[in-house]
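Trainee: Respectively, the protein sequence lines represent chains F and L. The first sequence stops at residue 253 when you use this note's numbering, and every number in between is there. The second sequence stops at residue 891 when you use this note's numbering, and every number in between is there.
In short, the hints are calculated from the structure, not lab data. What you are looking at is a predicted structure, and each value in this text was computed from that prediction instead of being measured. By construction, the Cβ of each residue, glycine as well, lies at the ideal position given by its N, Cα and C atoms. Each hint should be verified, as a subset may be incorrect.
One-sided and incomplete, this derived list gives chain L residues near chain F with beta-carbon spacing under 7 Å [as the list claims (entries may be wrong)]:
(1) 378
(2) 379
(3) 381
(4) 382
(5) 386
(6) 389
(7) 394
(8) 417
(9) 425
(10) 431
(11) 494
(12) 531
(13) 702
(14) 795
(15) 797
(16) 805
Keeping only pairs whose Cα atoms sit at most 30 Å apart, straight-line, the calculated DSSO-like set for lysine-lysine is [said to hold, decoys possible]:
(17) L:875 - L:259
(18) L:604 - F:90
(19) L:432 - F:241
(20) L:875 - L:850
(21) L:761 - L:787
(22) L:432 - F:243
(23) L:891 - L:604
The following label-pair restraints were derived from C-beta to C-beta distances [said to hold, decoys possible]:
(24) L:841 - F:71: 54 to 64 Å
(25) F:233 - L:557: 42 to 52 Å
(26) F:79 - L:404: 39 to 49 Å
(27) L:718 - F:216: 58 to 68 Å
(28) F:233 - L:641: 25 to 35 Å
(29) F:46 - L:465: 21 to 31 Å
(30) F:170 - L:718: 51 to 61 Å
(31) L:404 - F:23: 49 to 59 Å
(32) L:829 - F:79: 49 to 59 Å
(33) F:46 - L:595: 32 to 42 Å
(34) L:800 - F:194: 39 to 49 Å
(35) F:21 - L:716: 56 to 66 Å
(36) F:23 - L:550: 42 to 52 Å
(37) F:79 - L:557: 19 to 29 Å
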Amino acid sequence: MDVTLRVWRQDGPGRPGAFEEYPAADISSHASFLEMLDIVNDRLTLTDREPIAFEHDCREGICGACGLMINGQPHGPQLGTATCQLHMRKFRDGDLITIEPWRASGFPILKDLIVDRSAFDRIVEAGGYVTVDTGSAPDANLVPVAQESAEAAMDAAACIGCGACVAACPNSAAQLFTAAKLAHLNLLPQGQPERFIRVEAMVDTMEAFFGSCTNHAECEEACPKRISIDFIALLNRDYIKAKWRNGRLAAQH
Amino acid sequence: MQLDAKIPAGPLADKWDAHRFSTPLVAPSNRRKFEVIVIGTGLAGAGAAATMGELGYRVKTFTYHDSNRRAHSIAAQGGINASKNYRNDGDSDYRLFYDTIKGGDYRSREANVYRLAQVSGEIIDQATAQGVPFGREYGGMLANRSFGGAQVSRTFYARGQTGQQLLLGAYQALARQIKAGTVTAYNRCEMLDIVVAEGRAVGVVVRDMLTGEISSHSAHAVVLATGGYSNAYFLSTNAKACNGTAIWRAHRKGALFANPCFTQIHPTCIPQADEFQSKLTLMSESLRNDGRIWIPADFDETRPPADVPEDQRDYFLERRYPAFGNLVPRDVASRAAKKEVDAGKGAGPMKNGVYLDFAEAIGRLGRDTIETRYGNLFEMYERITDENPYEVPMRIYPAPHYTMGGLWVDYDLMTSVPGLYTIGEANFSDHGANRLGASALMQGLADGYFILPNTIAAYLSDSLGTDPMSTDETPFKQAEADVTDRTERLLGANGSRTVDWFHRELGKIVWEHCGMARSAEGLTKAISEIPALKEEFFADVKIMGEGDSLNQTLEKAGRVADHFDLAELMCRDALHREESCGGHFRVEHVTDDGEAKRNDEEFTFVSAWGFEGDGAEPSLTKEMLEFENVELTTRSYK
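So that you can see chain L by itself, here it is in the shape it has in the complex (with noise of 0.2 Å):
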């Protein structure tokens, strides 16, 4: 199979433009003609949904939530990035560009990323005029604050909640739209399958989770927002319903998976308690912006942390990164935590934290500025850890976060399979092999607001005058009766376990071979276990209730069995990519100084992965990365 990634021709800064003008348009009074299927409504959803509605598309939405406000968009806390260079601290779309490719470790597309930069600051203007509350300095102007990865500050927020703020924003946009009658939405309703006839997307196969029902709906084309695929970790970040389903029916329908092995291991998170824990919470890396991050210098330290003096700590971010500091990007300061835990130095009863650390800036700044800063982020901290935080450093670990892996698209976010787009989280372009803090709420809304609503005409001016596919037709009932056969072999099972047990077994496998340090021992085992886990989970998992109506360990059993599949071709593609890059760590591939080495001549490219047969190994395709604009360093934050 060949990949066309579709890239414009012509100078990285013209590129967007040059393809705006060149793209085929639809003209308005023929855009109600068009019907849009959009699955998930976080930023990218329902940012796109909106946009596409004011156009005058006929769009449909689906959410598993009762309410489209409740996407896991809405959990980001620290901010996002623009280059409004509003600092006057040397900031532009290049440097934004540029520390993206950098922060990405040389595993994106450059004109991809370029656009995003572009577009940024179009962002803040349009989230700021729906009336997002961004942080303010005393004049009025947006404040800003700086984020791991950078030298300058370009990060607007709206406290700790800018995610929710945002997301706000593109849900009022869509609550518009539903009103003015151009977007359906349906809630509480899952997608299952995705139909393709001829070689194009026509539809998808929903399930009612009130009632159980199994319906189809045809379009011009879908557009997948779903999100990443962290909770095939179990234990992550993300929501509890947070899934890899969509994408992954999706990649079974012949979409092409890149990247699946890029996730990202987010720094400053609250460190497991116990066995019984359901899922880790992030504390924002915009903490690491006044604190600072130490282990005791000594293996057997037992005072309380306040009580160790300064020359007794080791504050390893600053003392190995001198330049970045605490800022250097997640994935290092991930691996720096990891390097200090598994040395034995960790903080905490359980020892598998490091501090972080607020003393300092406290005295400097005084506690009502780092409580106007942090302070819904100190009080989250203390109802879960019953410690306070202005008192005792906080302690953190790394956690999974992110995935920069997904259905791979080509420039105008289509994937392999013609009339499916991929937007969001949920599609592998811009982030390379690590995001950086907050470029996944720009991403999500470059993708929602400006970048698919634009590329989607070229492939509907195609089709224009033909109808959607009858869900009356074969293809429709084929994947409706495939649907419905999962169903009821899960209910079938009637086993002696529950999903949650299966669930975090797989979790255990993927953190322990394919977290933040991989070897081919270990992906080689995690390749044979998982398959086997996953047929002792057909056979063994036990569900009560029934399909018909709302049943939600069933709705959790179908994510879990597609997690297993995920989870292997993310070990697949981790012990193919015989190098270290970004969240990807090989320790085979390691400098003399223990850095990442990267393997630049063999490992330029994105691994398209396709899908060829239940117990098949995947095929792989190679896209080249070509980069004209950025030269390829070893990536040094010290």
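One chain only, chain F, in its complex shape (with noise of 0.2 Å):
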């Protein structure tokens, strides 16, 4: 099939960017799309222009590097489906492709279509964890986990990571991440005893890098884990109730 693909180009941070046009042509449809932009890279090199940078690893779905914005849609457009395992036949032969960078205040661009995520770290280091040393754990089955907790845990902890939620939210706020790490461990009886310092600690790093969420619900509809927007009205309920039990809510009002 032959495709046109409309690409962000930027040289580097901060500096001005602006779509090029490049043909496609000649690509098989069983090839994934970043193996066509492979394909259109080495093109690019061959003719002496610089590939376009892009990210990517594992090609699996679950490391959760990849992650452009094609046609407007954060990962393209199947459903549920991260960049990675997005495949040609999912196009139509002469179809326009435009492919952007994640476009969210949180998410500088670096180059191209590459951004820099590690605002996600940040909030993960501010609480996005279970205190204990290696060494000092009880036996695994002392406690017992309900099949439920430990799978709608899962079902949260699924998360990989990847920045669609932001770059689909108009708000470009990070709730669904911060809430699928919260409600993995809050979730759990090990995530038990710092359940409402975390919650505090997480959302608050949150707002200091992202926006504010306003239930649109855009993330859940970009989310290739397709993680539910439950889990932010368990965040919200959490950090409410962490406000009230430091006292600090009723003393800022």
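Reassemble the complex: the two chains are provided individually, in unrelated frames, and hints are given to aid placement.
Mentor: Structure below.
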């Protein structure tokens, strides 16, 4: 198949960028989207043009490195699918495909389609863990975990940290990412002791980088792991509770 | 050169305890005086860095990823073994040890493997406490599944994303230490050389991938946790950036490379569909719990698989290995599939796969149960192939997946260069000639959480009161200059072919001659072809862009450049090892019924290769393997 790419090119952080058009001719419909980009990049190189910089690694939809805004949709048109698992058979011969980086103030562009997502690490560092030094754990079966809790925690823990939720949000909010990490730990017995410290620290850190959630639910639609916005409700509930618990909310009003 | 693996004396089960007692310690108040560099933040690296941070050491981590959460450990699907015996089905440390030694075809060290089994249970405890959402029974207890090469159910899992969940556990533990200030994380920073001075590892040279800046970091000890080298094959299940540069650079600086030819070709991957394909995707071994592997009995079968009657199907694993059936170890399953496909009985349009069929399991257990167990894998399969595995059997074929070989390490996980440690897949220590399923996660975390943070104290305690060497000293400046030269050489070639073209060509040679079946003739050919291709690469590679900014092609080129040398060593090792064992199958050494034929009399040793200079033949040192507890028998899964 033959398609035309309209790709955002930008030399570096803070530099001006612009769309450029490249033909992608003679592409197999069995090629993955990134394999199509590999082919285009090889062709660019051989005609003395710098290849398009894009992030990717496992190409199995699990590492979360890839993430392209394709025709205005994070990760492209296939529901619940990361860019690396999207295949060209989802496009039609002759299509014009627009490819952009994630656009969010919390994710500054580094080059072409690559953005800086380190704010996600800062959110996790703020409290997205259980404080348990290596060696201090009791026997794994000492604390029974209801299967339903483990499954719900796993639903949230499936987050790959790609940032599609932020890119999809009109406010560039990171509620779904943060809620997924919080719910993963807060739904398990092991996460209870730090539950309220965790939610406060993570949400406050999140707000230093990202916008606010106004319930558009675009994030759920864009999430390649189909993580539910119900977890955001859990985040909000725990956050309110944490504020009351700490007595600070009362003091602020 | 004499190799001393420093295996503690005494009975097998007491060695680790005795060793920990006799190892010098570093007192809590002294630990902050020591700096340790960890390269790579997968299960082993993140686990080690977090644990050493908790202990109070000052740790620096380096990864080429933007975040520590993205290392390729994340892609492990099926599970992690531990000898908990929660199922009451006869498991024990000794059985896990025995299965691993046997599964590795008697080419690993007894003492290391027993220690691995001993700490396996603690890993599950630790991960559970971190909040890893392992699969559970209704009563709230941990669930298990079975994996190849074992007749007990000892594999713990988190759906088909066990690696992801364990890595997130380690990543979160590491994040906690970063916040606490014990660990400083350098992301998007690739290690390009090891610095060795006066025979000791004193630091590393790294390239900042955003600015291109080359800089040095010194420490009291350096730990490599950089994974395997399956990408020497180009097409593998590894992530695109996985590479052998760190271990190869260490090898060039004196670290011996052990058993490079022991590579694992995983039986259940999606077959290659086209020439442009960039990687192969694994379908978890856990699928073999319920899926049945078969091929049409008739060479010219053209009917859709569902229409082929039972009596015209060949369930070749169940037929050849009735005791283990579809759950034979990976090397055995891969070779059996290759045999059928080579004979022209392959399934699919390119006749390059075998069927993995769930029809019987869906009939017996219902679609819902199968969906709960493997839903995400089935979805992944459908996304890639456009075929629905609930209705049409999967097609699978073996693909390079894991490398048992790696840097030689002693019982303390220290390489032959004092102060340089290697953990996880990057070392050679525990899996012999073949790794059992669900054992990579176990080994990575055993090394990272429980072994290295203990054993490294012995070396560190020796240098109490000394500072790491200044990065202004000559060895650092020299290494920086070497790195800069290499970068400039790559950028300066300005040839006519792309990095991927060369990588693909290399992969074809290695797969053809050092893949599932190897011969003296083929290996000799590869040993002459690889250096020629490498020469062409340096003369004719084309890399656009500069060295002083983000340049993904340059990064890739540096990795491919080292893969040439590593691939050549793989072939040399394979040529030297005149036997078939585990993943190393020499066509000259087979039994009458076509099984691998080991040569215990001449090859019960670890091949540890030394670097003797560019273009020079490597030197071979042998570490003889002593089996005091296990009797070497012909591996039989019949």
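Trainee: Can you give the numbers of the hints that this structure goes against, from lowest to highest?
Mentor: Hints that this structure does not satisfy do not exist here, as all of them hold.
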